[in-house]
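Trainee: For reference, the chains in residue letters:
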Amino acid sequence: MRHEHRLRIGPVGFRIGSAWKAPVALLARLYAGYPGAGVPDFTVRLEPSRPWRRHLRPSVAIGGDFILPDAAPLPLAHALLAAEMGMNLQMALGARRWLLLHAAAVARDGRALLITGHSGAGKSTLAALLGERGWRLMGDEFALVDLADGRIHGFPRLISLKNGAIDALAGEVGEARLGPLLAGTPKGAIRHLRPRDEAIAAMGETARPALILFPRYGFARAVRPMGEAEIFVRLTQASTNYVALGEAGFRALAGLVRRVPALAIDYPDTAAALDLVARAWDGRGAG
Amino acid sequence: MNARLLVRALADPAATAGMDDAGWTALLAMARAESLIGSLAHRLAGLDLPDTVAAILGDARRSADQGRTQALWEAEMARRALAGLDMPVILLKGTAYVAAGLAAGVGRTIGDLDILVPRACLDAAEAALRAAGWEPVKEDAYDDLYYRRWMHELPPLIHRTRDRMIDVHHSILPLTARPTPDAAALVADSIALGNGLRVLSPADMLVHAAAHLFADGDLAGGLRNLWDIDRLSREFGETAAFWTGLGARARHHGLGPAVARALRLARRLYGTPVDPAVAGRARAADGLHERRLLARDGWGRERARGLRFAFYVRSHWLRMPPWMLARHLAIKAGVLRAGA
Chain A
873 MRHEHRLRIG
883 PVGFRIGSAW
893 KAPVALLARL
903 YAGYPGAGVP
913 DFTVRLEPSR
923 PWRRHLRPSV
933 AIGGDFILPD
943 AAPLPLAHAL
953 LAAEMGMNLQ
963 MALGARRWLL
973 LHAAAVARDG
983 RALLITGHSG
993 AGKSTLAALL
1003 GERGWRLMGD
1013 EFALVDLADG
1023 RIHGFPRLIS
1033 LKNGAIDALA
1043 GEVGEARLGP
1053 LLAGTPKGAI
1063 RHLRPRDEAI
1073 AAMGETARPA
1083 LILFPRYGFA
1093 RAVRPMGEAE
1103 IFVRLTQAST
1113 NYVALGEAGF
1123 RALAGLVRRV
1133 PALAIDYPDT
1143 AAALDLVARA
1153 WDGRGAG
Chain B
-12 MNARLLVRAL
-2 ADPAATAGMD
8 DAGWTALLAM
18 ARAESLIGSL
28 AHRLAGLDLP
38 DTVAAILGDA
48 RRSADQGRTQ
58 ALWEAEMARR
68 ALAGLDMPVI
78 LLKGTAYVAA
88 GLAAGVGRTI
98 GDLDILVPRA
108 CLDAAEAALR
118 AAGWEPVKED
128 AYDDLYYRRW
138 MHELPPLIHR
148 TRDRMIDVHH
158 SILPLTARPT
168 PDAAALVADS
178 IALGNGLRVL
188 SPADMLVHAA
198 AHLFADGDLA
208 GGLRNLWDID
218 RLSREFGETA
228 AFWTGLGARA
238 RHHGLGPAVA
248 RALRLARRLY
258 GTPVDPAVAG
268 RARAADGLHE
278 RRLLARDGWG
288 RERARGLRFA
298 FYVRSHWLRM
308 PPWMLARHLA
318 IKAGVLRAGA
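Here the protein sequences come in this chain order: A and B.
The number in my numbering is simply the position in the first sequence, starting from 1, with 872 added.
Just so it is clear: in the second sequence, position 181 is 168 by my numbering, and no numbers are missing.
Hints are computed from structural coordinates only; laboratory data are not their basis.
Note that this is a predicted model, so its numbers are computed, not measured.
Careful, some of the hints might be misleading.
[Stated by the list, open to error] No more than 20 Å apart at the CA atoms, straight line, and that leaves these computed lysine to any residue pairs for SDA-like:
#1 B:Lys319 - B:Pro142
#2 B:Lys125 - A:Leu940
#3 B:Lys319 - A:Lys1059
#4 B:Lys319 - B:Gly98
#5 B:Lys125 - A:Asp942
#6 B:Lys125 - B:Asp110
#7 A:Lys1034 - A:Glu1047
#8 A:Lys893 - A:Arg926
#9 A:Lys1059 - A:Arg926
[Unchecked claim] Footprint (simulated), chain B over chain A, 3 or more residues, beta carbon under 8 Å:
#10 880 to 890
#11 1066 to 1074
#12 1086 to 1097
No residue lacks a Cβ here, since even glycine has one placed at the ideal position from N, Cα and C.
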């Protein structure tokens, strides 16, 4: 491939190859200071969806070690999103060293808070806000549960801010840490946010999971304790590689559910969410 | 760069000693793209590897182990579904290799479950599988009819809850292909395993692997299929009797040339020791096959577009007579309607 960028995010090395220069230059800017990857765990390729689509209405197909056969190509203006989707895809389909939970993770004093839930529950927004308010951002997309000791590995890639969350954070963090506005993507408007330097510097440090939250946005404020069975089933749904890991996945997930309290929280707005998180963390599962 | 790097690492793992990061990066990407990373991981186990490489190959070994467990479980599910029918159920390809404990199964990726049953039992097998939760993958009348009339297998079925595919074969080549293997002999000479299922005899297993490599595809993923041939040849080929039996059996199935070429290519690429009497003399086209098999770069991309297309056309040419090919392609292109 003509252009490439290598980087390590937490314990995972990536090589991103591109037929175009612009996406790689953008990745290099937003991921500046991340370590390199000598032999990467995964390869992502950004290639023309058809040979003539390199120059003529350029269109980016997401390739790599692991692919979804019917993934739709993206316009070149959205190539950064394509790169991020490509990296996520490699993790979702290829990672076998950790149990992957589709969850945001933030840490304080070496202990991790996991925030999971359906798309639109506000994981990324909450993680980004907490990351600006004294917590160490470990990742907005995947929490990596160690198969041996159950600790959480950080995976602090760029945070993907969507729609309303863009305005909520853009004023606070400053332009230097933001990627271009990607309007009209399949998920609406997106801007990528670079984690704080402290979070990047500490990305190799694991944390013991201490609380799991299942937020829902757009409901009256409420807190509900959850039983082990419900937590277990919802986390199997939130995991991309639980089935592929077989017995090791079951053991890791069962250990997490037994050791870590979980709460379902409903919130009407961001201020309520931050307050609920603070109370839940201080009470640590007491409700 | 081509997949020679991967072929060499499989054939001679010690040759990877001292390889630099760029070499490892390319090797691992190729191995993944060719579905050979699990086999490579087992071949390189125990060598002194860079930490990142060892971690990636460790993942690949765990993946292959889990794949093996799932494949054997899927075979057991099919056995239970078909147990009441009193028909021989013969495992094929990857599942057969792991069920029989063969070297070809070590680290191998296994996709669908492939089984062979006598053609007369096909309807009963399909009904029993559907009653046990398998259902058609696609409801396309043309494809369905095409499979049932011309193919050597039922339209693929997928299990409703386990999401795993099964291909039920009654032969090892499409009925439209020029060679017509003796399916009854495949069944008659199959070997019982302890678990109530069966596998092909050693010679038939190698004949099937060769048929699968050439006639049943366009050589995409061919390095993996050729690796099967290498492993089977080395494991079965220690006695002279195997080779004379193989030659006769290949001719009996009309697959003498396919088996011969498969053995020559395995010898060229993996250094497989083969009986020259069965492998025959080198042909000019062997080199083209080799180039096609190696058409993979260090990013895991397929190369040699023109050559690939030629093999694709050829695979259809071998699969069906010209009049039928024209009609089939016209329907697939949307030019002709299936009822016409």
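Trainee: Each hint needs a verdict: does it hold in this structure or not?
Mentor: Evaluated hints:
1. B:Lys319 - B:Pro142: 17 Å, holds
2. B:Lys125 - A:Leu940: 19 Å, holds
3. B:Lys319 - A:Lys1059: Judged against 20 Å, a Cα distance of about 33 Å means the pair is violated.
4. B:Lys319 - B:Gly98: Cα-Cα ~25 Å, so violated.
5. B:Lys125 - A:Asp942: 16 Å, holds
6. B:Lys125 - B:Asp110: OK: B:Lys125 and B:Asp110 at ~18 Å, within 20 Å.
7. A:Lys1034 - A:Glu1047: This hinted pair holds, its Cα atoms lying about 16 Å apart.
8. A:Lys893 - A:Arg926: The hint holds at about 11 Å.
9. A:Lys1059 - A:Arg926: Roughly 24 Å separates the two Cα atoms, so the pair is violated.
10. 880 to 890: Held - the region 880 to 890 of chain A has 3 residues with a Cβ nearer than 8 Å to chain B, which meets the minimum of three.
11. 1066 to 1074: Violated: only 0 residues of the region 1066 to 1074 of chain A have a Cβ under 8 Å from chain B.
12. 1086 to 1097: violated (count 0)
Checked against the numbered hints listed earlier, the structure breaks hints 3, 4, 9, 11 and 12; every other hint is satisfied.
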